[in-house]
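Using the sequences and the accompanying hints, generate a full structural model.
Chains as they are written, first to last, in our numbering: chain A, 1 to 308; chain B, 1 to 308; chain C, 1 to 308; chain D, 1 to 308.
Read the hints as simulated data drawn from the structure, not as lab findings.
Honestly, I wouldn't trust all of these hints.
[Unchecked claim] Under the rule of at most 27 Å between Cα atoms (straight-line distance), these lysine-lysine pairs were calculated in the DSSO-like manner:
#1 B/Lys146 - A/Lys146
#2 D/Lys238 - D/Lys305
#3 B/Lys305 - A/Lys238
#4 B/Lys67 - B/Lys305
#5 D/Lys305 - D/Lys40
#6 B/Lys40 - B/Lys67
#7 D/Lys40 - D/Lys67
#8 D/Lys305 - C/Lys238
#9 B/Lys146 - C/Lys146
#10 C/Lys146 - D/Lys238
#11 A/Lys146 - D/Lys146
#12 C/Lys146 - A/Lys146
#13 A/Lys40 - A/Lys305
#14 B/Lys146 - D/Lys146
#15 C/Lys238 - C/Lys305
#16 B/Lys305 - A/Lys305
#17 D/Lys238 - C/Lys305
#18 C/Lys305 - D/Lys305
#19 B/Lys238 - A/Lys305
#20 C/Lys238 - C/Lys67
#21 B/Lys67 - A/Lys238
The structure presented is a predicted model; accordingly, all values stated were derived computationally and were not measured.
4 protein chains.
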Amino acid sequence: MALIDQNSSGVFVISVTPFDEGGAIDWDSLDRVVDFYFEKGATGLTVLGMMGEAPKMTQTESVAIVKRVLARAGGRPIVVGVSAPGLAAIGELTAQVMDLGAAGVMVAPPGSLNTDPAIHRYYGQVVTQIGDAVPVVLQDFPLSTKVQISDEILQRIIVDYPSIKMVKHEDWPGLNKISRIRAAEAAGQRRVSILCGNGGLFLPEEMARGADGAMTGFGFPEMLVNVVRLMTAGEEAKAQDLFDAHLPLIRYETQPGLGLAVRKHMLARRGAIASPALRAPGAGLDARAVTEVDRLMARLQTRLKELN
Amino acid sequence: MALIDQNSSGVFVISVTPFDEGGAIDWDSLDRVVDFYFEKGATGLTVLGMMGEAPKMTQTESVAIVKRVLARAGGRPIVVGVSAPGLAAIGELTAQVMDLGAAGVMVAPPGSLNTDPAIHRYYGQVVTQIGDAVPVVLQDFPLSTKVQISDEILQRIIVDYPSIKMVKHEDWPGLNKISRIRAAEAAGQRRVSILCGNGGLFLPEEMARGADGAMTGFGFPEMLVNVVRLMTAGEEAKAQDLFDAHLPLIRYETQPGLGLAVRKHMLARRGAIASPALRAPGAGLDARAVTEVDRLMARLQTRLKELN
Amino acid sequence: MALIDQNSSGVFVISVTPFDEGGAIDWDSLDRVVDFYFEKGATGLTVLGMMGEAPKMTQTESVAIVKRVLARAGGRPIVVGVSAPGLAAIGELTAQVMDLGAAGVMVAPPGSLNTDPAIHRYYGQVVTQIGDAVPVVLQDFPLSTKVQISDEILQRIIVDYPSIKMVKHEDWPGLNKISRIRAAEAAGQRRVSILCGNGGLFLPEEMARGADGAMTGFGFPEMLVNVVRLMTAGEEAKAQDLFDAHLPLIRYETQPGLGLAVRKHMLARRGAIASPALRAPGAGLDARAVTEVDRLMARLQTRLKELN
Amino acid sequence: MALIDQNSSGVFVISVTPFDEGGAIDWDSLDRVVDFYFEKGATGLTVLGMMGEAPKMTQTESVAIVKRVLARAGGRPIVVGVSAPGLAAIGELTAQVMDLGAAGVMVAPPGSLNTDPAIHRYYGQVVTQIGDAVPVVLQDFPLSTKVQISDEILQRIIVDYPSIKMVKHEDWPGLNKISRIRAAEAAGQRRVSILCGNGGLFLPEEMARGADGAMTGFGFPEMLVNVVRLMTAGEEAKAQDLFDAHLPLIRYETQPGLGLAVRKHMLARRGAIASPALRAPGAGLDARAVTEVDRLMARLQTRLKELN
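Given below as structure tokens:
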């Protein structure tokens, strides 16, 4: 199967993991949501990300999910989140999923890293552990990881570890980080693919500054796909109009600790998964929040009609 | 001068502190921005908040700012942020500003508080230090303070310290927190005023759940005023339309560490302050960000015309 | 096999996991160090703790280590650390090790818990996940977990979850916590066993305040055993003399991120394990530190002779 | 008055600030404790450090304390802690105390700094604010500040800001940091003075690795003075014997949040201050802890007699 590389672009949706109300993996819904993402135009998927509830899986479940999604994806690229507290576990899972046909692995820095050299050293250890033939996505998400990666050390990591092919960019604020990476490349640094996260909250600006697309989730993944497409085609105003229409919902989804429940609710409402249930300790939306999201979904439909 | 109380409502704008390019306080602009806020419909102001660059002032400057704003405010209520690492400094500044005519003081919890009882104890110490005749705004802003205040301990604080008249609500996610405070009041707990922060990012939902208004800043404070007014009048759809129109800019302002520069840029563009300069170590917007904000401001004008 | 209960006492040594220089588990040394701990008087062992390098193991290795230690322990109680980012993984490992004959499991709170109710809720979820027939050791180690457990919430947890039989006490400072738990018990609260950690740094005071023993590691575990024995026998001065003799080394071992390398160096010097190697990303002692530890070990021998 | 420089050595005691039971500054005790420190052999003092309860003072009190101590010190060097949330406050206090005759100022990094370049930039801003004629002590104390300064960035700061003359070294573990600074100097980097903190917990090893002395506090400051003197004279065994005798108390004092109460209790017992009271929100020792410290103080006297 094709691997991701420094020119990968488009939208890699961070896939949810569907559960039934009892907390068991809902394999049919997993198939269905994979289909749904690709029908809406996704280039690829990323499984076992934070919003895929990865840390709640057992190792056996993790591998089974990757297998199932790969089988369903029909050859389209699947990136697998392999972040774990220890290098041995990262190495073991990486070997398994690359054997199965994954397109690359994603690694976020553990929260214990507290200096620039420690972050740099860590990615060196990861690359040593998994081998430099495996394409790596560096997930740069300080709000969640508590690890702030400076521009300087990110560039040293990029220069020193060529198997890091992509940055999942979700520093916040991070628009300048994109501009600085592209400026460094203009000055001769090797290229990395930049796919943006944060639920797409800054996607138009990120594309304008040189991002290659998005790697994030949202209840309406077609928005991500179309904004990336329109921005790539130079249709900035249309892209922003479409983005703005979805923004009240994007914003509602950015609530930390609640966003995934919002996203799963939208996906369930749209028929992409059977139940919006999260595995414990996650909790679903209460009635009041359901009303709020449903109201915003209805307004979105009205607004989309106005735009057409 | 009137004090804030448990029924205070409307919009208390978190005032910026204008500086010239050299970092000196621009007193004329301070007068001008006070006028601007009130012309746009503010009920009151809050000075020396985080977004007022309070920690960058000397104590002498802090008092001078309060004096100047009180003189300009013509009797409208001015809340003063007095958060400081030590109780003695909080006590001293509180005594000074209440003597000058402030309507109350705002206190955020210091980052060292790491258990519920420690948070509770702290507010007890604050009330003892400043005396229970001074109305207190409890600022609940975990993203910035790193102190998470649980519903349970917030309710114990409200019950035990009656001089805490208001919660500046900017937990995130925090919609349920509002619902729970109002539910507790329905069950007999004493009332507190809830004014919402976070740049207004969830203002329509917050008002619908029982907030009394907003205490936050934004380059277009009239949006805050009008959303609060429309929601109070039951015109939810109109409120949301107006809110949605500003949302691309609100979102742009939520970038931590960058938001104040965005806000000051908008205020300077609108003539409310002479310079968008921040005092060091703050930095202004670079050229690229200026372009992005200006584009969003232009789009806002277009959208507002469509709505009228 | 016997389970731990609320009256468990003595010394449960936190076992190291021996590796060879290449990072592979050294099974012979694992047998040898188990023997060593029991020869020095340990009541039981705790495996897969933080200082057992648990997060660096794969799940398969974790189970294999438990099996090996149980086989070697000859029926003496083995507690297993099962802390993991997700409840499913905790449940799976717990079921496996309890089936194999473990005496109980140890669970530290994940760093994401940031309010008292969240900590309480978490232990409820753990007990639900693993079943209330499994004896649980609550590891209270804020310096490492970043989770501060207040006296109040610890007592609510003890009251609400009877299968939590033991507190591994290593809050720092935490002497009062022991006194308060014992005071609550005197007032009718159910008893828990308290075994102390922190490398034994406050062991004499902890025993005097009502601790039942130690659950920690040190290059000279016989010190832990003898201090607990002497304190229990009321021979406070002898206990303190013995403790003081080891204190320069205990102190040297308290260096965060370095302590395990110090401990393994001492164990290797004493023949309890073949190599002091840590698994990556851990690093061993440099030459200078080796000299410092060796000097302190030599001084200890001299001092012990003076005492006899 | 003489300023500190890159060759400053000896013991700068971190002075406590004595209060009466009501929380008012006890000026007579301040004089007395200054005399006490110098009688015990201190080279200089550092006032308004964390253990001087600096954040609990008003600005007026801070300046008054500096004046009083300078008047009493008879020309011996006094360093002043000026850490504050904002640069303007740092600048103002620095100007005041240097005018009064301070020997230099001490600045710890604010907790908001989360990358190596941010830390570097901050010290640049501090030097710009206060002017490069003022000698600066960089306080490197991650356990308290939450800011981890890597060896690499510390060296860049030393190279780029020549007015930083001294490092108050209390990283933990930090022995290698001393060795690396001295190695860099051997390779041509400009010299800095290194005075060690952490209550002296690693003082013998720190001196052996090239520290110039101590800048910390302890109830028995003569231990710091004599260990530094003996180590400088090459009498390592004697130094370590003396150190070991005090170690049970040093250890007891390392309890975070409790250590200052322990220290003040010892100073009050020894007649150096009238009351062990801390200013709120600090709390004194309870009866049980008093008993524990008194017991250790008595044991110390016995042990010192054995050594002589």
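How the hints compare with the structure:
1. This hinted pair checks out: B/Lys146 and A/Lys146 have alpha carbons roughly 12 Å apart, not beyond 27 Å.
2. With a CA separation close to 14 Å, the supplied pair D/Lys238 and D/Lys305 stays within the 27 Å bound.
3. Pair hint B/Lys305 plus A/Lys238 holds up; C-alpha atoms about 18 Å apart against a cutoff of 27 Å.
4. At most 27 Å may separate the alpha-carbon atoms for a hinted pair to count; B/Lys67 and B/Lys305 exceed this at roughly 39 Å.
5. Between the alpha carbons of D/Lys305 and D/Lys40 the distance comes to roughly 18 Å, so the proposed pair stays at or under 27 Å and holds.
6. For the suggested pair B/Lys40 and B/Lys67, the alpha carbons sit about 22 Å apart, so the restraint of at most 27 Å is met.
7. The straight-line distance between the Cα atoms of D/Lys40 and D/Lys67 is roughly 22 Å, inside the 27 Å bound, and the hint therefore holds.
8. Under the criterion of a C-alpha separation no larger than 27 Å, the hint pairing D/Lys305 with C/Lys238 is consistent with the structure, at around 18 Å.
9. The straight-line distance between the Cα atoms of B/Lys146 and C/Lys146 is roughly 12 Å, inside the 27 Å bound, and the hint therefore holds.
10. At roughly 39 Å between alpha-carbon atoms, C/Lys146 and D/Lys238 are farther apart than 27 Å, so this suggested pair is violated.
11. Of the supplied pair hints, the one linking A/Lys146 and D/Lys146 holds, its CA atoms being roughly 12 Å apart against a limit of 27 Å.
12. With a CA separation close to 13 Å, the supplied pair C/Lys146 and A/Lys146 stays within the 27 Å bound.
13. Between A/Lys40 and A/Lys305, the direct Cα distance comes to roughly 18 Å. Compliance with the 27 Å bound is thereby established for this hinted pair.
14. A C-alpha spacing of about 12 Å is found between B/Lys146 and D/Lys146, which places the hinted pair at or below 27 Å, so the restraint holds.
15. Using a Cα cut-off of 27 Å, the hinted pair C/Lys238 and C/Lys305 holds, with the two alpha carbons roughly 14 Å apart.
16. With a C-alpha separation of about 19 Å, the suggested pairing of B/Lys305 with A/Lys305 holds against the 27 Å cut-off.
17. Using a Cα cut-off of 27 Å, the hinted pair D/Lys238 and C/Lys305 holds, with the two alpha carbons roughly 18 Å apart.
18. Our distance criterion of 27 Å between C-alpha atoms is met by C/Lys305 and D/Lys305, whose separation comes to about 19 Å.
19. Proximity of B/Lys238 to A/Lys305 is assessed by CA-CA distance (about 18 Å); at most 27 Å being required, the pair is judged to hold.
20. For the hint linking C/Lys238 to C/Lys67, the alpha-carbon distance of about 38 Å lies beyond 27 Å, and the restraint is violated.
21. At most 27 Å may separate the alpha-carbon atoms for a hinted pair to count; B/Lys67 and A/Lys238 exceed this at roughly 49 Å.
Checked against the numbered hints above, the structure violates hints 4, 10, 20, 21; every other hint is satisfied.
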